[in-house]
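> Given the structure of chain A, go ahead and fit chain B onto it with the hints provided.
The listed protein sequences correspond, in order, to chains A and B. Start counting the first sequence at 1; every next residue gets the next number (our numbering). Start counting the second sequence at 1001; every next residue gets the next number (our numbering).
The set of hints was computed from the structure by calculation and includes no laboratory data. Treat each hint with caution, since some may be false.
Said to hold, decoys possible - Across the chosen pairs, the derived CB separations fall in these ranges:
#	chain 1	residue 1	chain 2	residue 2	range
1	B	E1053	A	G16	46 to 52 Å
2	B	L1039	A	A29	39 to 45 Å
3	A	L74	B	P1070	43 to 49 Å
4	B	E1018	A	D77	45 to 51 Å
5	A	R66	B	S1081	43 to 49 Å
6	A	A17	B	L1039	26 to 32 Å
7	B	S1081	A	N12	39 to 45 Å
8	A	D39	B	T1013	22 to 28 Å
This structure is a prediction, so every number in the text was calculated from the model and none was measured. By construction, the Cβ of each residue, glycine as well, lies at the ideal position given by its N, Cα and C atoms.
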Amino acid sequence: RKEVEQDPGPFNVPEGATVAFNCTYSNSASQSFFWYRQDCRKEPKLLMSVYSSGNEDGRFTAQLNRASQYISLLIRDSKLSDSATYLCVVPLYGGSQGNLIFGKGTKLSVKP
Amino acid sequence: EPEVTQTPSHQVTQMGQEVILRCVPISNHLYFYWYRQILGQKVEFLVSFYNNEISEKSEIFDDQFSVERPDGSNFTLKIRSTKLEDSAMYFCASRENNEQFFGPGTRLTVL
Chain A
1 RKEVEQDPGP
11 FNVPEGATVA
21 FNCTYSNSAS
31 QSFFWYRQDC
41 RKEPKLLMSV
51 YSSGNEDGRF
61 TAQLNRASQY
71 ISLLIRDSKL
81 SDSATYLCVV
91 PLYGGSQGNL
101 IFGKGTKLSV
111 KP
Chain B
1001 EPEVTQTPSH
1011 QVTQMGQEVI
1021 LRCVPISNHL
1031 YFYWYRQILG
1041 QKVEFLVSFY
1051 NNEISEKSEI
1061 FDDQFSVERP
1071 DGSNFTLKIR
1081 STKLEDSAMY
1091 FCASRENNEQ
1101 FFGPGTRLTV
1111 L
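Looking at chain B on its own, in the form it has when it is part of the complex:
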């Protein structure tokens, strides 16, 4: 069964450093998403992406964040200068019809 994959599974970084989180959505899906979940809190929407551009973003997704689809398979989330409060699980999702399927997540720890 096709699934969304994400790398790395765990990323540790120093405050102020740039990180890139990678996702490979399910191959025939056209809509892609990033969500985050701070430990013990609910899953929060960050950004949606369709037809090679951002279709929607939340107030969390400020100028420090960017997304890219550099080739036909990868979908990346970049955080330019990480802050302590960026520590969270970051989930990528892709959508077929009305249903979104999530990857296993990247645990980002900012020290």
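Same shape as in the complex, but just chain A:
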């Protein structure tokens, strides 16, 4: 069974802190990876796609370690608005298309 595992948290951090989440996946054939954020009782929103070793977008950096089959998400200079659940997502069949397998998510709470 193909799974995605995440530390559920919660991570409670002060504003301005740097926080990192890890995610492990079981399907070694996976070629693409996604981080979504989900606010309480809302839909998942795509935060970042990762197709090679990593990706960076402003304060957010995703890194991929294929040998160890884990992906990380780093948030620098965290804001109150970053408070959400961060979902690690991997396509079911390992390719870049198709149905998604979601982790249970890591909850982040940024405090003033």
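Showing chain B alone in chain A's frame:
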């Protein structure tokens, strides 16, 4: 910015009743999906749809479920005889290239 829309936002029904959840995917997208999320649990894949037919379905998507694209814009999920355990958020998604975009969801409550 184009987005996926879903109606209704909340549906309450009695056990055994049929419900139809509606979605309007982003207009130029070709791949459509339904997912569900039981409260406090992870998002789970139900079914994918391409070229007017189901391309993949999960073990959750049993004979009580069906999907349809009745016209050029709507994409529906029907549950024929709802059970208590069908209570969940149901998300529709559509895909462009490799990225799936989710609608705001329909909260289904089965009493």
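> Each hint should be assessed against the structure and marked as holding or not.
Results of checking the hints against the structure:
For E1053/B paired with G16/A, a C-beta distance near 51 Å keeps the hint of 46 to 52 Å intact. L1039/B and A29/A have their C-beta atoms about 32 Å apart, which leaves the hinted 39 to 45 Å range violated. In this structure the hint that L74/A and P1070/B lie 43 to 49 Å apart at CB holds, the actual value being about 45 Å. As the Cβ distance of E1018/B to D77/A is approximately 50 Å, the hint placing it in 45 to 51 Å holds.
Under the hint 43 to 49 Å, the C-beta atoms of R66/A and S1081/B, about 45 Å apart, fit the expected range. For the hinted restraint 26 to 32 Å between A17/A and L1039/B, the CB-CB distance of approximately 29 Å keeps it satisfied. Between S1081/B and N12/A the beta carbon distance is about 44 Å. The supplied range of 39 to 45 Å therefore holds. In this structure the hint that D39/A and T1013/B lie 22 to 28 Å apart at CB holds, the actual value being about 26 Å.
Taken one by one, the earlier hints fail for this structure only at number 2.
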